[in-house]
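Q: Protein chains in written order, with our numbering: chain A, 1 to 469; chain B, 1 to 339.
Hints in this document: simulated from the structure, not taken from any laboratory. Treat the hints with care, since some could be wrong.
As the list claims (entries may be wrong) - Every beta carbon over 10 Å from chain A, so not counted as near; a handful from chain B, in silico:
(1) A55
(2) L106
(3) V110
(4) H160
(5) D212
(6) L224
(7) T320
Said to hold, decoys possible - Each pair of labels, with its calculated beta carbon distance range:
(8) B:L46 with A:L40: 51 to 59 Å
(9) B:H124 with A:H252: 53 to 61 Å
(10) B:W142 with A:W120: 49 to 57 Å
(11) A:V41 with B:G241: 38 to 46 Å
(12) A:R255 with B:L46: 46 to 54 Å
(13) A:V226 with B:A148: 34 to 42 Å
(14) B:L317 with A:R181: 53 to 61 Å
(15) B:R234 with A:R255: 29 to 37 Å
(16) B:R330 with A:L73: 26 to 34 Å
(17) A:P72 with B:A223: 57 to 65 Å
(18) B:V110 with A:D91: 25 to 33 Å
(19) B:V93 with A:E342: 29 to 37 Å
(20) A:N79 with B:R330: 56 to 64 Å
(21) B:V110 with A:V41: 24 to 32 Å
Every residue, glycine too, gets a C-beta built ideally from N, C-alpha and C.
Chain by chain, the residues:
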Amino acid sequence: MSRFITVAHRRLLDRLWPWLCAASVALSLLMLTALLTLLLVRGLGHFWPASLEEITLRSGDVVAGQAIRETPLPQKIGNERLYFTGNRDIDGASWRWVDVDNIIARTTPADLIRLERAPWGDFIGRLESLEADGQRMMGQAAWDYLAAALALPADQRPTGQLLLTTADGQALSQPLSTTSRALAPNAMSWGQKTRLWGSSVWQFLSEGPRAANTSGGVWPAIFGTVLMVILMSVIVTPFGVLAAIYLNEIAHQNRLTRLVRIGVRNLAGVPSIVYGVFGLGVFVYGIGGTLDTWFFSATLPSPTFGTGGLLWASLTLALLTLPVVIVATEEGLARIPDAQREGAMALGATRLEMLTRVVLPMTVPAMLTGVILAVARAAGEVAPLMLVGVAKLAPQMPVDGEFPYLHLERKFMHLGYHLFDTAFHGEDVQAAMPLVYATALLLVLIVLVLNLTAIFLRHYFRRQRGNEC
Amino acid sequence: MLAILAIGVFLFWETLPLLARDETLAFAKLSPLAWGTLKAALAAMLFALPIALGAAMYSALFMSARLRSRIKPALEMMEAIPGVVVGFIAGLVLAPWVERNLASTLVLLVWLPLSAGLAGVLWHLLAARWRQQMPLSWAGLWLLPWLACMVLLALWLTPHMEELFLGGDLRRLLEQHWGLDYATRNALIVGIAMGFAVIPSIYALAEDALADVPTALMEGAQALGASRWQALWRVALPAAGPGIFSAVMIGAGRAVGETMIVLMASGNTALFSASPFEGMRSMAAAIAIELPEASPDGLTYHYLILAALVLFIFTFLVNTLAEMVRLRMRRRYHKAGHR
C-alpha cells in the first residue's frame, strides 16, 4: 500500500499515529475515572440529607419534595424537573415532573419533615401534633418527643399517633410504631448532616432491605457474599495449590504437562455462565438430587439439596476460580531459584521435606495473591450464581443458632445479584436507584481493594525475590 | 490434578446425550441467539479493538517506564470491575442518556480520534520549551484533560449542529428516512459497555506481545532509515502479529461469553437484525434468564444446555488456538532474541 502514499503523507502519518495511540490510553483512563466518579458521587451522595423544597405552581398547587434532576422538555423550550414527593398512600405516586416555567415560588421552609415509614415509603410534609401517653403535643414539643422516641430501640418505643399534613393541606394520621426515622433536613446544620450521613451509611451496611429492596440496607447480601467466598476459598485453595505443585514440581515437563497447562488457561477463558450450567446440571440436579433421594426422602417433593444453595454455589465458584489460583501459584513456584531446591536436596532433605520446608514457605505470598484474586473474581461474579442458588430475598440467613448452625442447603443473598435484581426487577426502580448506586459502589470497592492488595503483594514479593537473587 | 481435566470432559459428557434430541428444533431456536451473540461480540470488538491495540502500541513503544508501571495496574483494575456494575451503568445510565443524545454520541465517536490528531498538530506547533514540559512519553496522562474538554465541547456544540443541519431530532430522522427503529437498549450500548470490559484483557496480552519483540529489531530498522511508523508497521507488528492475534481471540472469547452486560444492556429480544440500534439476545443471556425456570427434563432445558455446549466449545477452541500461537511465538523469540 505504501507505494501510493506520498512522502508528505507518510510524514503526517508518522507524526499523527502516536497521538491516536496515546489518546486511546487517555480514553480508557477517562472512561474508568468517569465510571468510578459516577459511582462515588451517586453512591455516597444519596446518604446526604438533601433539602426539601416547597414549590408553588402557577395553577395554585403546592408541592413539597426533593428535587432530583432536570431534563429539557421534548419539542419545547424549557426544562422540567423531577421531584420526589413521597406520600404514595395519598397521591398514588411518589414522583412528579414539574415544568420549571410553571413554578412561581420556590422555598425551603425549616418545618418540612421527611418520615421513613414501613408501608408506603417516605412521607414528606409537616408534623402538626403528636398524641402519646394521653396528651397532645404541638409544634416543637411534638418534634422533640418524636426525635427522642425514635432514638430508642424499636421495642421500647412508646405508642402514639402522629397527625401530619401534606404540603397541599391534606391531613393524615400515622401510628408512631410504623415510622422508623424522622428528618427535618432544612433545619439541620452541616455538622448534624455529616453525622446523619455517617449513620445512614452505617445503616445501609448493617441493616436488611425494606420495602421490596427499595430502601434499607444490604447486610444480608454482604453476609451471604462473604460466607460464600470464604467457603469457596476453603475449597479452592488446597486443590489449586496441589495442582500447581504437581504441575511445576512433581510432573515431568513434557507434552502432557504443556497440554494440561493450556487446558488450565482455557478453563479461565470459559464463560462463567457455562460453569453455572455445569453447576446446575451436575451439582444441583445430579449430586443434590441423589442426596435428596438418599437422606431427605421424607420431604421429597420439595427439594433440600436438589435446589440451588450455598454449598453448590461455592463449589461452582471454586471451579470457576481454580485456574486463577493455579496460575498464580505456579508463577510463584517458577520464580523460586533452582539453587534453593538443589541446596535443600544436597543437605540431605527428602523430596517431601524440600517441598514443605523450603519451597512452600517461599510460595506463600504467591498463593495468597492467587486466593485474593480468586476471591475478587468470585465476589463480582453473578451469572453462574443466578443458576445455582442465589435468592432475591432470602427468608433465613445461612448461619443461625439452630443445629448444625451452618445451613449449606439454604439460598443466600449476594451483592451482585441484589444489584441486578433491584435495578431491573424492582417495582419502583426510580426509588431504588440511589441504593443500587450505593450497592454498586460497595461491590466495586470490595473488588478493587482485593485486587489492589493482590497487586501490592505481588509487587512486594517480586522485589524481595529480586534482592535475594 | 486430574480434577482439572475431568471438568472439561465432564461438561462435555454431561451435554453430549442431549444432542441426540430434536436437532432441527434446537437449531431454529438457537439461531437467533447465535446471531445475537455474534452481533454483540462484533459490536464490542469494533469498539474495543482500536482502543486496546492503540493503547498497547503506545505503552509498549512510547510510554516512559515509570508511567507504564502505574498505568498497567490501573488497567488491571478496569478488568476487575464486575460485569454487573458495568451492565447496570450501561443499561440504566448510559442507555437513556444515549437515547436522549444520540447525535452527540455518534459525533463523539468520530470527534475523539480527530481531536487526538488535533492535539498532535498543536503539539508540533508549540514552542520547543513547552514541548519539553509535555513529552510524548507522558501524553497518555496529559491528554486526559484535553480529551475531557473535547468531550464537553462536543456535547455542547452537537445539539446546536443537530438543530442547524438536521432540523431537529436525529432519532426521528433515522426513523423517517431509513426506517430504523431505535430501541433504548441496543447493540451500540452493548458494544460500548462490553468493549469497556474487553479492552483491558486485549490490552494486557497485546502489550506483552509487543514488549516481547526484541528491541534490537526495532532499533535495527530505525538505523536503516525507517521512520518509527514504518518500523512499527513493517517490523514490530509482523513480529508481534501472532501475539496480537491471540490477544484479539481471547478478547473475542470473553465478549462471546460475557453474560451480565448483555443481559442488562441489550433489550433481550431475540431478533434477526443488523441494525446497530436494535436489541438482541445472546446465548449466555438466554441461559441466565431461562434456565432457572426450565424444568430439568423439559425441552427448554435441553436446548439451553446445548447453547452452553456451543459456547463452551467455541471459547475452548478460540482459547486453545490463541494459547498455542502465543506459546509458539514466545519460544521463537527466546531463541531469536536471546536476551
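Q: Now look at each hint and say whether the structure bears it out.
A: Here is how each hint holds up against the structure:
1. A55: 4 Å, violated
2. L106: 16 Å, holds
3. V110: Check passes; 13 Å lies beyond 10 Å.
4. H160: Correct as stated: the minimum Cβ-Cβ distance to chain A is 13 Å, above 10 Å.
5. D212: At about 17 Å from chain A, B:D212 clears the 10 Å cut-off, so the statement holds.
6. L224: Since the minimum Cβ distance to chain A is about 15 Å, B:L224 lies beyond 10 Å and the statement holds.
7. T320: 6 Å, violated
8. B:L46 with A:L40: 51 to 59 Å: 30 Å, violated
9. B:H124 with A:H252: 53 to 61 Å: Given about 58 Å between the Cβ atoms, the range holds.
10. B:W142 with A:W120: 49 to 57 Å: 53 Å, holds
11. A:V41 with B:G241: 38 to 46 Å: With Cβ atoms ~43 Å apart, the hint holds.
12. A:R255 with B:L46: 46 to 54 Å: 38 Å, violated
13. A:V226 with B:A148: 34 to 42 Å: Check passed, 37 Å falls within 34 to 42 Å.
14. B:L317 with A:R181: 53 to 61 Å: 57 Å, holds
15. B:R234 with A:R255: 29 to 37 Å: Taking Cβ atoms as reference, B:R234 and A:R255 lie about 35 Å apart, which means the hint holds.
16. B:R330 with A:L73: 26 to 34 Å: 60 Å, violated
17. A:P72 with B:A223: 57 to 65 Å: 59 Å, holds
18. B:V110 with A:D91: 25 to 33 Å: Once the Cβ atoms are compared, 46 Å apart, the range 25 to 33 Å for A:D91 and B:V110 is violated.
19. B:V93 with A:E342: 29 to 37 Å: 58 Å, violated
20. A:N79 with B:R330: 56 to 64 Å: Between A:N79 and B:R330, where Cβ atoms are some 59 Å apart, the hint holds.
21. B:V110 with A:V41: 24 to 32 Å: Taking Cβ atoms as reference, B:V110 and A:V41 lie about 29 Å apart, which means the hint holds.
Comparing the model with each earlier hint shows violations of hints 1, 7, 8, 12, 16, 18 and 19; every other hint is respected.
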